[in-house]
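Mind docking chains B, C, D and E with the ligands on chain A? Use the hints.
Chains as they are written, first to last, in our numbering: chain A, 11 to 332; chain B, 229 to 593; chain C, 1204 to 1493; chain D, 18 to 255; chain E, 9 to 241.
Keep in mind the hints are simulated off the structure, nothing from the lab.
Since this is a predicted model, take the numbers as computed values, not measurements.
Beta carbons are placed, not taken as given, at the ideal position from N, Cα and C, and that holds for glycine.
Heads up, none of these hints are tricks.
FRET-style restraints, in silico, Cβ to Cβ:
{"#": "1", "chain 1": "E", "residue 1": "S80", "chain 2": "B", "residue 2": "E465", "range": "53 to 63 Å"}
{"#": "2", "chain 1": "C", "residue 1": "R1490", "chain 2": "D", "residue 2": "L188", "range": "32 to 42 Å"}
{"#": "3", "chain 1": "D", "residue 1": "E198", "chain 2": "C", "residue 2": "R1490", "range": "33 to 43 Å"}
Reference listing, derived: stretches of chain B covered by chain C, where coverage requires no fewer than 3 residues with Cβ under 8 Å from a Cβ of chain C:
{"#": "4", "stretch": "388 to 402"}
{"#": "5", "stretch": "420 to 431"}
{"#": "6", "stretch": "437 to 450"}
Over 12 Å on every C-beta distance to chain E, these chain C residues come out as not near it, computed from the model:
{"#": "7", "residue": "M1204"}
{"#": "8", "residue": "F1271"}
{"#": "9", "residue": "C1277"}
{"#": "10", "residue": "W1328"}
{"#": "11", "residue": "A1332"}
{"#": "12", "residue": "L1338"}
{"#": "13", "residue": "L1350"}
{"#": "14", "residue": "I1426"}
{"#": "15", "residue": "L1445"}
{"#": "16", "residue": "P1482"}
The residues making up each chain are set out below.
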Amino acid sequence: MKPIAPVAVLAAAYLLVPLLLGGNAYLMTLLVSALIIAGIALAWALLGNLGGMVSFGHAAFFGVGAYTSALLSMQAGLPVLLAIPLGGLGAALAAVAVLPALRLSGPYFALAILAYAHIFRILATELKSLTGGSAGILGIPGLPTLGGLELGSRNGQYLLVLTVVLAFIALYRAIWRSDYGLALRAMHDSEDATRVVGVNSTLLKAAMLFVSAFMTGTIGALNAHVINFLDPDYAFSGAWTIVPIAAAIFGGYRTLGGPLLGAIAVYLLDQLLFKALFPSGHQIILGVLLGAMILLSPNGLLPWISRRLQRRPATEVRHAAA
Amino acid sequence: EEFVVGSQIPLTGSLARVGNGMLEGIKVAVEVFNARNTGNTIRLEVIDDESVPAKAVAAVEKLAADKVVALSGGYGSNLIGPASEAAEKAGLTYVTSGGVSDELTRRGLKHFFRINNNAGYAKAMAGLFEEMKLSSVAIVYSTKDATEGLAKAVAADLEAHGIKVTLHAFDPAITDFKPIINKVRLQDRAEGIAMVGYENDYVGILRAAKVLKPSSVKAVVGVWSLATAQMAQEFPELMPQVYGTAMLPFPVEFKSEAGRQFATAYERLYHKEPDYLGQFGYVQSMLLFEAIDRAAKNGTLAKGGLSEELRRTDAETIIGQVTFDANGDNPHFSHRMGQHQNGKVALVWPDAEATAPKQFPGVPW
Amino acid sequence: MTELILQSLYSGLLVGGAYALIALGLALVFGTMKIINLAHGELVLLAAYVAYTAESQFGLNPLASIPFALVIVCASAVLVYLLVSRIRVNRELNSLILTFGLGIILTNAVLIVWSANIRSTSSAWLQDAVVLGPLFSMRSEVVFFVLSLALAGGLWWWLSRSWYGRAVRAVSSNRDAAKLMGIDPVRTELVSFVVAGVLASVAGVAIYSSSVIQPALGHALTIKAFIITVLAGIGSMPGVLLGAVLLGVTESLTVTLASSALQELAGMVLFLLVLFVMPNGLFGGARRRG
Amino acid sequence: MLQLDNIAVRFGGLNVLTDVNFAMETGEVVGLVGPNGAGKTTLFNVISGLVRPVSGRVVFDGRDMLRAPLYQRARAGLGRTFQIPQPMHELTVRENLRVAQRFGRGRVDEARIDEILDFLKLRPKAQADAASGLALSELKALEVGKALATEPKLLLLDEVLAGLETHGKRLFMQTLLALRERFGIGILIIEHDIETISNLCQRVCVLDFGKVIADGTPQAVFEDPQVIKSYTGGAAHA
Amino acid sequence: MLEVNRVRAGYGAINVLWDLSLTIREGEVTAIIGPNGAGKTTLLRAIMGLIPLSQGDIALHGDSLAGRQTWSIARHGISLIPEGRLVFRDMTVEDNLTMGAFPNSRRAGVAHNLARVYELFPRLAERRRQLAGALSGGEAQMVAIGRGLMAEPSVLLVDEPSLGLAPVMVQEIFGILERLKAEGRTIVLVEQNTHLALSLADHVHLMQAGRLLLSEPAPRVDLQRLHDLYFAR
Ligand SMILES: Nc1ncnc2c1ncn2[C@@H]1O[C@H](COP(=O)(O)OP(=O)(O)OP(=O)(O)O)[C@@H](O)[C@H]1O
Ligand SMILES: Nc1ncnc2c1ncn2[C@@H]1O[C@H](COP(=O)(O)OP(=O)(O)OP(=O)(O)O)[C@@H](O)[C@H]1O
Ligand SMILES: [Mg+2]
Ligand SMILES: [Mg+2]
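Bound conformation, chain A alone (with noise of 0.2 Å):
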């Protein structure tokens, strides 16, 4: 792409946008939410295409993330804005927990992690004196205000996911373009032929569970504050797997943009549009949708588009980094 337009996007998304919807906060819930998916989307593909290990449990990182950020800002009375990013952090403990998973491949791994969700999340509901067992946690302290800036407004919360999101991507990309980039996409299918020639692949594999738990767990920690309650259930729903992996496939899950891109479409359309013309049945419109888009371009939202536009081969991750 021309420099000039991911300047475009970056502009029209922090001055545009908030501008011209910012007084409406109906959309700009649509948006903080879809910008929360777009998040996991994000850390997910990134454990997909780096690590090489499609995760079906990523709702166990952003409970974990959740519940850290909140206890740690209600029980603890840490700011909220520490406590976030120290959610990031537990998420990633947690994912000590999960190393020896590291064993195991493809199905394997990514039912292994389901696994650790769902006992995250039973242990959520039985440690009561903790995390207040099933009745949750109410009254999360939203986020606070900086430098004028009033985080917890609607625009706030807008700003401020938008930008981790983004930093997510920069890292991303950082990680991508480096040589060990390279050697995470050599070890897909490969592992032993990676490791023959040197690759210590245990320990990057490790590094990007991570990379991905502790985005996984900040946006889990962004989500708990914007929405200011928490209950195991709600935590570690399936829904932060599933429909995270649904966007990033859906936005084309090989790109750095897709998964946002992904997030952002899918969310939108079945909230403003397919919601508006079908109240009750506009799931069934989002499945077709889903469908339709992988029959139609099976390498997602992104590449069809810069095919489009540009006739030239969209900014896939394996050629990224030549």
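Chains B, C, D and E with the ligands in isolation, oriented as in the chain A frame:
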């Protein structure tokens, strides 16, 4: 003048069934209210929150943007919590009966109102057991929030009355209850089984009990969604003698004019017997609409006086007396207990409301 | 105590049989095509609702409704396959989102057609108690346990002994090589989807007969089936049966010896432990390296 | 520089290697031959760390390697190829070499990569995807390329010459010998072509049923009646 | 009987075969030789329909095979023993071999043919219950060859059968091919070992860079000239 009332309610997703049930009652309330010719009419705007908290918040914000005057709806404490906070921010009155968690009314919200609560259910269930003079009760409950809270409250109440209680929590995902009931049969040797869960749990527990036939048990008591017409019709084998909370007997007999009005409208719209979800949805909405009417007439509605108007409510309704305290809770709320008797549901507790004596001891097997 | 434990083992065994029934179809399609059919649970559910309609409208015993369920569910399975077979790129991941979309469509279609109310059989015959000494169960559980055994055995025979079954495995192992043997991969895969549809039909009727159904159940069924498939070792039908029974027994023993609130936890911990000891599941063969 | 003591490997009930003792010096070129399924590739797997023996010792460059993970052995200077080529599927040919160089050797040197590409005649395919787009012989060349890019001290070659045209084989052997001269690396090569082995190696080791049945100069080994019976079938003089 | 007529084929945008024409005669052994990357394997894949022809036609007994699916070509009695093994890794050795007889017309002879293959490769008999994915390179090659023989094809295409086999086994394989030739089967042999190939062949085609450079009856082939042509780039 026409006022728009919003309803954020789960019509799809895990709470679809209860959400739809409550919505039926809300719609009946609109019908009945508009037919009264008070000079004001109500139009309903419904948004499905898909059983997802974030979408519930978005729904409230959309409704606020569409200039609704108040909200009636919501199901599930985890959806009502964030949604009612969004409503509070928008200064919108929020009336519900879909979440019994005590937390909801402890938040000190100015615009939040609820016509039912945990305590009312616990009172009814424990009251029935105490009346039976059982020596021991096994409480089998789902680890969900509402059920767990209720089970604990009932347990405390029973123990205070010297009844021996054993608690069996179960994960909502489980389908085979035989191992639990077998513990009740062989270890607890309890005289009563209290079920605190949802329909699918009741069916599972009752089936397991019918298979194992614990001989010590003299009564099986559940809570919501159990002593209903629907259960009587769909599971005739399982229901005989089973107790559950019920506001109305089945077939419905209303003593009051208000009740008859509700039942006729309900049957005209849905061609079936009204159930408890519909009743609660109806009552909460009716109280709200009446408050809107009053506020509109004395001119406080536009000035944000609706919540104060609603707080002044003191009404005898088809679920009993309703008033609201400072937190929006209804201190009068107390449930009644029904029992499945010969394919019908009779009210058996409290005595004042009873339509038939309870068949005791009695179990479905 | 022994009586409790015996009953618990027996209950776990029967529940395991039901789990296996739900998982077999998913395991077949996954094992032979590397396609995770996220709509599998919905197909099972569809069969259950067909049984419900047959019973409530026409008074048919659920067992007698199996043929109707077969027709409808197999047709749906064929439809799913026809769509999946159109995926040209990255079939393993893309089929995931396609079948997820189909699952959403089916769930909501079921919701619209049958409403959100819970349903279950009212057949007294199926609900009757069957008592074997100290062991109690519902008749439907026993009936479907036996069916489950028979189907797992039949499936195992089909895959390992019949020409068509072996062809199915050959296609999954190496598509090009299979074509060179004269195998039409599309037809073979279609056949395995139809067989999966048959299994889903029986599973659906079993669920309708022994427990309670509602529209949102499909997704949970898929996950359960998936977990058992992986626990079994992908592609192994005896593994599915063993894994499912192991899971069922672990869960019921947890209820008996500890608390039923921990039953899911125990199941998941068992799953992880098995995988950590046997990274390819109970019956998954290890691959040669180098 | 490489020493194997009493290596034994079992798979299930199958003894694939029993009591294998073997040693080679820096700069030596040794041929490893034997019937199909004798355990040659398995021995490579033991040396490079893919298979853990039930007993025995692997010493390389004075270090006990038995517990060392794969990547450490590679960094220590053990380079290997796979009999069934295992390219890094998602990368191009050039990227394959780059990863090997960056992680096996420690730093990237594009000039060296070009040199390797030229030597293996892979230059025209440098941008091709490794997984699709290469003929079998090219995949084998890529195997060698990856191993060379790590700058090994000992090169383990598993049937890399099989399927090469006669002339290509000769060229290849010459370059290998040149490499040995220039960098003093040792080569252990599995090959079924007796002529090639005889020309290339000073020493040949024969495995049969997981045991070393002969070890010596090519002439001596290929005249051993046991070797003729189980392996060459009298083809040595063809 | 098998006519390859001005065929162009390749992989996506990369074309490999350039207007290649050749004839394979019934009952003969036709050797196709040529340097690495000449397109020999690609030709065999094109005949089997594994890659589409962008131009030209391939006909068996006058019936066009172009556009036909691989499995239907295989059922027509053409069988390929592929290079690079292509075995069913997740199936046992015995199941691998059995799959060779998948076409209906071949199933009757399974037991007999299986016994014959085991006789040829005793090593496979020992390993019959082992998953093919765990075999050694040479053993897998035996499986691929044995599987090809199970089909009793009327036309057998063999891609580098000697690859990875120990010298004794190579002799065995060529013995088998010799016998098949004697039975009157049509064989197309791609082989790097020119010496061996020529010893068996009736007719020789030399390919280079996707074109046919030379086509001669085997007895007339001059090794030296062949050698020169090989490297005339
Ligand atoms: N993971 C495994 N499981 C079971 N058997 C195995 C495994 N790996 C290797 N084998 C067996 O060990 C034996 C030796 O295999 P290996 O690959 O070392 O032979 P090789 O000498 O390299 O033969 P070739 O010349 O055919 O390549 C073979 O019979 C093979 O079937
Ligand atoms: N899948 C593929 N995609 C793109 N190009 C390919 C592919 N397979 C082979 N090629 C190219 O086609 C050309 C011919 O390959 P082919 O395998 O037919 O050669 P060959 O004559 O069989 O060589 P060898 O002796 O190495 O087996 C080679 O240049 C190769 O790089
Ligand atoms: Mg080998
Ligand atoms: Mg070739």
